[in-house]
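Novice: Based on these hints, arrange chain B on the given structure of chain A.
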Amino acid sequence: MSLKFGMLAEYATPADLMHAAEKVREAGFRRWDVFSPFPIHGMNQAMGLKNSKVGWFGFTGGVIGYTTGMVMIWWMNAHDYPILVGGKPMFSPFYAFPPAYELTILFTAFGSIFGMMFLNRLPKLYNPLFKSERFRLVTHDKYFLVVETTDPKYSEGETRKLLESTGGTHIEIVED
Amino acid sequence: MASTANKLVLQDPPRELEREPLVANHRSIGWISDAVCRVTEDKVPLWWWLAFVPSVIFMGILGLMLGYQITTGVGVWGNHHPEMWGWDIINFVWWIGIGHAGTLISAILFLLRQKWRTGVNRAAEAMTIFAVMCAGIFPAVHVGRVWYDWWLFPIPNPYNLWPQFRSPLMWDVFAVSTYFTVSALFWYVGLVPDLAIIRDRAKTKIKKIAYGLLSLGWSGSNRHWSNYEKCYLILAGVSTPLVLSVHSIVSLDFAVSQLPGWHTTIFPPYFVAGAIFSGFGMVLTLLLPLRKLLKLEDLITMRHVDLMCKVTLATGSIVGYAYCMEFFIAWYGGNPYERFTFMNRAFGPYGWSYFLMFACNVITPQFFWFKWIRQNVWVVFILSIFVNIGMWFERFVIVVTSLHRDFLPSSWGYYKPTIVDIMTYLGTFGLFFTLFLLFLRFAPVIAIGEVKAITPYADPHHPLGGAKGGHH
Chain A
0 MSLKFGMLAE YATPADLMHA AEKVREAGFR RWDVFSPFPI HGMNQAMGLK NSKVGWFGFT
60 GGVIGYTTGM VMIWWMNAHD YPILVGGKPM FSPFYAFPPA YELTILFTAF GSIFGMMFLN
120 RLPKLYNPLF KSERFRLVTH DKYFLVVETT DPKYSEGETR KLLESTGGTH IEIVED
Chain B
0 MASTANKLVL QDPPRELERE PLVANHRSIG WISDAVCRVT EDKVPLWWWL AFVPSVIFMG
60 ILGLMLGYQI TTGVGVWGNH HPEMWGWDII NFVWWIGIGH AGTLISAILF LLRQKWRTGV
120 NRAAEAMTIF AVMCAGIFPA VHVGRVWYDW WLFPIPNPYN LWPQFRSPLM WDVFAVSTYF
180 TVSALFWYVG LVPDLAIIRD RAKTKIKKIA YGLLSLGWSG SNRHWSNYEK CYLILAGVST
240 PLVLSVHSIV SLDFAVSQLP GWHTTIFPPY FVAGAIFSGF GMVLTLLLPL RKLLKLEDLI
300 TMRHVDLMCK VTLATGSIVG YAYCMEFFIA WYGGNPYERF TFMNRAFGPY GWSYFLMFAC
360 NVITPQFFWF KWIRQNVWVV FILSIFVNIG MWFERFVIVV TSLHRDFLPS SWGYYKPTIV
420 DIMTYLGTFG LFFTLFLLFL RFAPVIAIGE VKAITPYADP HHPLGGAKGG HH
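In the order they appear, the protein sequences are chains A and B. For what it's worth, numbering that gives the first Met the number 0 labels the leading residue of the first sequence as 0, then goes sequentially. For what it's worth, numbering that gives the first Met the number 0 labels the leading residue of the second sequence as 0, then goes sequentially.
One or more of the hints may lead you astray.
To be verified - Listed next, with one range per pair, are the computed distances between beta-carbon atoms:
#1 A:Ile63 <-> B:Tyr147: 27 to 35 Å
#2 A:Thr149 <-> B:Leu168: 52 to 60 Å
#3 A:Arg29 <-> B:Tyr147: 57 to 65 Å
Claimed, not checked - Using 25 Å as the maximum straight-line C-alpha spacing, the simulated BS3-like pairs for lysine-lysine come out as follows:
#4 B:Lys206 <-> A:Lys130
#5 A:Lys130 <-> B:Lys207
#6 B:Lys206 <-> A:Lys123
#7 A:Lys152 <-> A:Lys49
#8 B:Lys202 <-> A:Lys123
#9 A:Lys130 <-> B:Lys202
#10 A:Lys160 <-> B:Lys467
#11 A:Lys22 <-> B:Lys467
#12 B:Lys294 <-> B:Lys114
#13 B:Lys207 <-> A:Lys123
#14 A:Lys130 <-> B:Lys204
#15 A:Lys123 <-> B:Lys204
Hint data in this document are derived by calculation from the structure and do not stem from the laboratory. For each residue, glycine too, the CB sits at the ideal point set by N, CA and C.
Isolated chain A, as found in the complex (with noise of 0.2 Å):
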């Protein structure tokens, strides 16, 4: 089995990262990627990503963590078992408001991080990069930029050119 997963190029410095992203992006790759020890400034408009979809995960968390307080709230205490206490209201929106503004905040990072993992596709168990003996200084202090195989303007002879114009090291290929 010799599946070939991508062409793996390292670079030195975050400038260099970021210029190779911005001709890979011009070339017209769609299955690409780059990976650094940060996230580097910039770096999206480089590679020409759309605004990160983590706020609408994040935003409906909230409306369901409101609704839940308050509905909870108000069928607890004044509709499933009411128990007059201090001729206070059966029900009031501001006495149900301190747990309902809680559980909001509560569902909003729930949201947020459960989205941001499936849309990451995280855990992920398996990733062929690991097999690349260089590729784990990526956490330490080296960046990488990756075309994958599957990309429709992939070709081993061009792609890699494109990769050596940019100032690509230690180009190799990862198997899948």
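Specialist: Chain B alone, transformed into the frame defined by chain A:
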């Protein structure tokens, strides 16, 4: 005129305007990984064992004390009528207050784009989580019959009763449990890329598998970073109102009651400022020895210490203002019971605790106006301990002096803790330091990825980040 315009060159800013770098000695990106991961990779140092063994012993004492209290009853504590809240609630509020600095550093300073937070946020967040765990023990056991604690949660019970949400104690349950959950998740999300660093450096099979699973297969992909950064921003955005609400709600446990000394509208902001003040006190107490012991002075620099002292000064001054305003309103409000409570607080049998609190919380932080004090680690360390003591006495003053002389003079008394109270409190230190030392050993103590990102090497528009001029 034209000739002078041509000669115009960009000059370096004057030296007094230059800022001390946040990573000292121009350390490289790889050095940061090495320095922080070394803590988890080197042989366990002797000081670690010297701290760990007593911590575990005290954690055992905590277990014994709680076991004794649960099997015998709340009577083993000093609490009695009318002093129904004693050290249990004091310790609860104290620990949860300490927990506030972590989220302040990780969330509020993130939104304010304070880059220095990266050096201290990981350890402060760990401190938060462990402090909230210590705090949570007290309300759980002070109810007396701990086996009914689950009635606090909206779970159907055999009598078909539901929690009574008109009580601030229920708000507190939601606030504290949300705070713990969100802080722990925030901490973990921040840890994922750093656990991947340890995974990639791991030499043994067990370490590779354990850190591999914990880091969720993180690869540093920019498509991942894009979603990750958005997620982190949202978490910071929701943690900010969360941290402000938690201690506000804790203060409502007091303020919603009708008791003179508790029934005041200043409590929520005053509690929040006090919580951040005490939290920074504890962060300084923990990090000043740690930066030395772990040899991380280049990452937790004197500039970090200086800035934390300034936050302590600011919040300490707010607390001092609140003490004065509270007293002024007691007089200005014209309520004789409230006036009595406050006069009794300062000049009654517990006057010593009031003046101890005032000295530690109002006078101590004022030393931080002076730069030579902020630059002296020993003085800062000692002052930070005074802050911790003072904030414990603040809660003592609020709880004990308001309760010990109630409306019925025949029930007045002088509250004293028992040995069980004291050993339970000391036991929570055992739990806290056991967890904190384990954290030091097994997780990166500094947010490596975030510190890397604030160095000039990480900036693609900086010459050190590889920029060569041109269109960038």
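Novice: None of the hints should be skipped; say for each whether it holds.
Specialist: Each hint tested on the structure:
Here the CB-CB span from Ile63 of chain A to Tyr147 of chain B is close to 29 Å, well matched to the stated 27 to 35 Å. A hinted range of 52 to 60 Å holds for the C-beta pair Thr149 of chain A and Leu168 of chain B, which are about 58 Å apart. At roughly 59 Å, the beta-carbon separation of Arg29 of chain A and Tyr147 of chain B lies within the given 57 to 65 Å, and the hint holds. With a C-alpha separation of about 17 Å, the suggested pair Lys206 of chain B and Lys130 of chain A falls inside the 25 Å cut-off, and the hint holds.
Under the criterion of a C-alpha separation no larger than 25 Å, the hint pairing Lys130 of chain A with Lys207 of chain B is consistent with the structure, at around 14 Å. Between the alpha carbons of Lys206 of chain B and Lys123 of chain A the distance comes to roughly 17 Å, so the proposed pair stays at or under 25 Å and holds. Of the pairs offered as hints, the one joining Lys152 of chain A and Lys49 of chain A holds, with about 21 Å between alpha carbons and a cut-off of 25 Å not exceeded. Between Lys202 of chain B and Lys123 of chain A the alpha-carbon distance is near 21 Å, which keeps this suggested pair within the 25 Å criterion.
At roughly 16 Å between alpha-carbon atoms, Lys130 of chain A and Lys202 of chain B fall within 25 Å of each other, so this suggested pair holds. The straight-line distance between the Cα atoms of Lys160 of chain A and Lys467 of chain B is roughly 22 Å, inside the 25 Å bound, and the hint therefore holds. For the suggested pair Lys22 of chain A and Lys467 of chain B, the alpha carbons sit about 17 Å apart, so the restraint of at most 25 Å is met. A hinted pair counts as satisfied when its Cα atoms are at most 25 Å apart, and Lys294 of chain B with Lys114 of chain B qualifies at roughly 21 Å.
Only pairs whose Cα atoms come within 25 Å are accepted, and Lys207 of chain B paired with Lys123 of chain A is accepted, the gap being roughly 15 Å. Between Lys130 of chain A and Lys204 of chain B the CA atoms are separated by roughly 16 Å; this keeps the pair inside 25 Å, and the hint holds. With a C-alpha separation of about 19 Å, the suggested pair Lys123 of chain A and Lys204 of chain B falls inside the 25 Å cut-off, and the hint holds.
Checked against the numbered hints given earlier, the structure satisfies every one of them.
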